[in-house]
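Visitor: Take a look at the letters that make up each chain.
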Amino acid sequence: MTRVLPAAQFLLTLAVTFLGLLAITFVIGRVVPIDPVVAVVGDRASIETYNATKEAMGLDDPLVVQFARYVGQVAQGELGTSVSTGRPVAEDLARVFPATFEMATLGIIIGVALGVPMGVFAAARQGRMADQIIRVIGLAGYAIPAFWLGLIGLVIFYAHLRWVGGPGRIDFFLDGMVPTHTGLLLVDSLIDGNLEAFRSALSHIILPATILGFFALAYIARMTRSFMLEQLGQEFITTARVKGVPERLILWRHAFRPIRVQLITVIGLSYAGLLEGSVMIETVFSWPGIGNYLTTALLNADMNAVLGATLVIGAVFVGINKGSDALYRLLDPRARA
Amino acid sequence: MITRGWLLSDDPETRMQARLGVSYRLARDLMRNPLAMVGLMIILALLLVAAFAPWLAPYSPVEGTLADRLQPPSAAHWMGTDELGRDILSRVIYGARITLMIVLLVAIISAPLGLLIGTVAGYFGGWVDRVLMGLTDIFLSLPRLVLALAFVAALGPGIENAVIAIAIAAWPVYARIARAEVLTFRNSEFLDAIRMQGASRLRIIARHVMPLCISSTIVRVTLDMAGIILTAAGLGFLGLGAQPPLPEWGAMISRGRSFILDQWWVATMPGFAIVIVSLGFCLFGDGLRDVLDPKQRSRG
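Residue numbers (UniProt numbering), protein chains in the order written: chain A, 1 to 337; chain B, 1 to 300.
Any given hint might turn out to be false.
[To be verified] Here are the simulated SDA-like pairs of lysine to any residue, each with C-alpha atoms no more than 20 Å apart in a straight line: (1) A:Lys322 x A:Val261; (2) A:Lys322 x B:Asp137; (3) A:Lys322 x B:Leu20; (4) A:Lys322 x B:Ser141; (5) A:Lys322 x B:Arg176.
Bear in mind the hints are in silico, worked out from the structure with no lab data behind them.
This is chain B alone, in the form it adopts within the complex:
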């Protein structure tokens, strides 16, 4: 029987109860932050739109009717049509899938990589730390967009290469954070206890050190999502990310640039999608940081 009292109990009887209790407290604290809830709603909306794109989109995202080209927003085309007569709303809806895919792939590649490098550097210390952190600092000292641009230039344009380039530019932050986190507890007694039980270093890092760094990494990844979306859109805008006819938002803005003076909606509408989704991740990340990382709370 799950009750509030059982969830909030100060001495849980099982590990399960403790975990559920922690999740309940987090959820409760998050719910109290209206801006974070707005962010969560936006992210949920993005997920739903991406999942149900074929049912939500009124028209095809790639086929248009040339007779209807460059129509202003109307009842039939809520966001108007582009230069090939394609419905912009449908393209924006399908574009949610691309944006979500890029963001998820970058997070899946860069967060574990940064986490691994940061925890290994922090736990081992000594020259391992110096080499790994030296590498991290070099990557960290370069502007992210420029680094991603240079890598895309080398790898060639395209959505997969854009993902790889953004991930290469994104991991150092997570490594730094994970290392800082490890340093706060690397000499604590619970690690000594595990070591005396004969656990290998690999096991200690994977089972005991990494899990403790996950919450700060998640916060940072969520806060970074907006930046990742903007970088991906920027690459798309420059023609180096997703290629036509893929309805990527940045690439759509780039196409609309040619007729921005007379047909403003072509470039403007996908931009709103980018702003709303990025804002959603910013707001949710902010709220998540307040909840998971109370030390940071006072720091705006």
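In isolation and in its complexed conformation, chain A is listed as follows:
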């Protein structure tokens, strides 16, 4: 009983949040200054045709009815047709999503692998040079526009140093040579045993993923540092020091262990945040993911595609946030009380 109730409550808030998300996209769809009826019948249609079409499209119904219909359509995976690609938006999104997922995942791996040790290190050296440097790096993550850093990265590492591949997911002569299994090029090329494609895909993904990772790192390092400082101020740490436990063990075994659960939420939050960051990064790197799809649709005033992409990004964002929250409650007995 005590186990079931929180789960039900969790599902309820999740459902309400998704409904709210749908309400927002529904409202946005309604404020668009394009008359959907005129778009169908043309601006020379008679008033009778106009009214008949309006009724046939269900635009005469009360807003509540229209909203219910919209929710029903989305629940069946129907997001309308994209004006620019001519295909169903849901199909488009399913095609572009793996590219974003691949980049954001590599980004979060880089962010965690560098950010957590940096935060621990900064806490150990609180107030000293290393701490200040890490603090400035963290602040830079809040002050540098992702698209600008992406452009500069392209100039330095692609154009001048030639260390990495340029825009896109893979060199163009390899494009389409890797059969799709998962949609993740790094994985697909390995499944296929195509090392050349793997190397090419890696050289293309590494720069955008590192830049994304940098923004995750800024937040993760900052939070790790403050969690660690909280632990290091506790009495059990003093006890361990008095007992003569080596400092390295104090840091990692005594202070770091209890914050691992807290870090899950932080990592979850920044993973979701990377989805947002990838919108700008994908545009700069011509990365064929959901962010690029969204911005292209925006510029073409392709409302179905814009709302569909917003909906999917919002849903994934909500899913990751609520998921890491639930995981935190599950793992930390203090949060369950």
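Following the hints, put chain B in place on chain A, whose structure we already have.
Guide: Relative to the frame of chain A, chain B by itself:
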């Protein structure tokens, strides 16, 4: 006669003295934080540059000489020229006005809105709280940039719509903070006293509850400024914010993108302006939080 002792007096005789004393302590604490002072300097510089743009800019921000197009940085053009022969330094200087305007408008729209919703929800409690906070949580659970993008898509591109879209995406944070703040004192005796004097709920919220939440809201707004600047620049970069020939920094980077490989300065220079100004707000906001909100001080 204003002396240090008078300002720091523990039992001020007038309200005026108490207020001046508080401001003096805040200013003194802020001055002790060098990074916050650097931030303040940057913000002041931004204000001055924006105010005196016509006198500081060596050239016109919109008219260029085509013969001088895409010149590298030199003594005549410190930041070089763009593809229409316009002086980039002059455009960056005028761009300070646009950035400042966007930031101020977003703050003026979203902070009072969030403050109102948060205080009403926190003070009334019950179903009012549940409805308002449910709404806030829904907005809060969406990525800000994507929300702003979707609203700009609906409203159409342009600087006013960008401001509205960013403000719509920004208010929920302030509502959450204000509500949390109200909950800490909603049952305190001074509110009972005011209620017994017969003050209406509206008066209590406007005159007694809201003022207590203002300092935490100001801290949060200052910390958010950098995010607002980046979002605005992002919209400009995508061509959805300020439209040409307005010298908006994000839009300038977007124009420079086409020649980034050979004429790096066109896209790079406005970026530095964005980074410096955002960093200024971050540093100042950090310092302000330490001073106004001592509870948070230990939390990096």
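Visitor: Holds or violated: A:Lys322 with B:Arg176, Cα cutoff 20 Å?
Guide: holds, 17 Å
Visitor: Taking only the CA atoms, is the gap from A:Lys322 to A:Val261 under or equal to 20 Å?
Guide: holds, 15 Å
Visitor: Can the restraint linking A:Lys322 and B:Ser141 be considered satisfied, given a maximum Cα separation of 20 Å?
Guide: This hinted pair holds, its Cα atoms lying about 9 Å apart.
Visitor: Taking only the CA atoms, is the gap from A:Lys322 to B:Asp137 under or equal to 20 Å?
Guide: The hint holds at about 12 Å.
Visitor: For A:Lys322 and B:Leu20, compute the direct alpha-carbon distance and say whether it is at most 20 Å.
Guide: violated, 46 Å
Hint 3 alone, counting from the list given before, is not met by this structure.
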